[in-house]
Amino acid sequence: MQADDELWSAIADPSRRRVLDLLVGHGEASASWLAARVSFSRQAVSKHLVVLERAGLISRRKQGREVLYQVEADRLDQASRAMADLAAQWDRRLGAIKRLAETAHAEAKKPER
Amino acid sequence: MLMPDLLIDRDVLIEAPVEVVWRTITEPEQMTQWFADRVDLVVEPGAHGYMGFGDQGGAVVVEVVDPPTRFSFRWNENAGGEPAAGNSMLVEFTLTAEGDEQTRLRVVESGHESLGWPDADKQRYADEHQGGWGDILDRLATLLGKRPSE
Chain V
46 MQADDELWSA IADPSRRRVL DLLVGHGEAS ASWLAARVSF SRQAVSKHLV VLERAGLISR
106 RKQGREVLYQ VEADRLDQAS RAMADLAAQW DRRLGAIKRL AETAHAEAKK PER
Chain D
45 MLMPDLLIDR DVLIEAPVEV VWRTITEPEQ MTQWFADRVD LVVEPGAHGY MGFGDQGGAV
105 VVEVVDPPTR FSFRWNENAG GEPAAGNSML VEFTLTAEGD EQTRLRVVES GHESLGWPDA
165 DKQRYADEHQ GGWGDILDRL ATLLGKRPSE
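These protein sequence lines map, in sequence, to chains V and D.
The first sequence lines up with residues 46 to 158 when you count with my numbering.
The second sequence lines up with residues 45 to 194 when you count with my numbering.
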């Protein structure tokens, strides 16, 4: 469950999603390459990369003096399934609210005996 | 980017007036029938409470209480500590009357700042943003299909 929490907070942030998006689009990239393409600072990019890596959404490798980041496709796929699950969970909750409210309303409308 | 990020946005049409739906989503003894197993909560802005799911649970902070149309709370299911922006999910309910006897109930669960409730611009942002997530996944599928050739 802790891993899921990390996953949620990692993808809940629009800036991190932008970084993810760039990595997905480009395949593999360095922090400087990313920083040149976003509206936030190089430090912020580094911070987001740390969070994304901790959530398992990206991994890194060294190439010469550069560190290159890439998307962990399986984990991203897991994230999208988790989002679908969350949506389904809310549909079940809304369904339960609907039944409760409609039952209460029907009871209230019954003529008094 | 100052706008929040949406994760979930669902709605349902209920055959009951807004006041009835309001009670269903805000009375703790009813919340235990659709949400958590245990709900210790006073529905007042800023009130702190607890929601239990089996032997797990977490803190809840009520944010907006505007009967009978808006109710929101922040919660973190597992993490310890006080729910605040950045460590918790924000759940926002909006109730809209449709005719005399029907209610549209919308729920938005987001990981970030309050949506501030929908107007046309925010709705458009939400639509675009959900599309954004879909776009990422579409591109991911393409990426998996063709590995980089260099």
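Since the hints were derived computationally from the structure, they do not count as laboratory data.
A portion of the hints provided could be inaccurate.
EDC-like cross-link-like pairs, simulated, lysine to aspartate or glutamate; straight-line CA separation at most 16 Å [as the list claims (entries may be wrong)]: (1) V:Lys154 <-> D:Glu63; (2) V:Lys143 <-> D:Glu145; (3) V:Lys154 <-> D:Asp144; (4) V:Lys143 <-> D:Glu142; (5) V:Lys155 <-> D:Glu145; (6) V:Lys143 <-> D:Glu63; (7) V:Lys154 <-> D:Asp84; (8) V:Lys107 <-> V:Glu73; (9) V:Lys143 <-> D:Asp99; (10) V:Lys92 <-> V:Glu51; (11) V:Lys92 <-> V:Asp136; (12) V:Lys143 <-> D:Glu88; (13) V:Lys154 <-> D:Glu59; (14) V:Lys143 <-> D:Asp84.
Computed list of chain D residues with no C-beta within reach of chain V, every gap over 12 Å [claimed, not checked]: (15) Asp53; (16) Leu57; (17) Ala60; (18) Asp84; (19) Gly90; (20) Glu145; (21) Val152.
Glycine residues also receive a C-beta, built at the ideal position from the N, C-alpha and C atoms.
Which numbered conditions among the earlier hints are violated in the structure presented, ordered from lowest to highest? 7, 9, 11, 12, 14, 15, 16, 17, 20, 21
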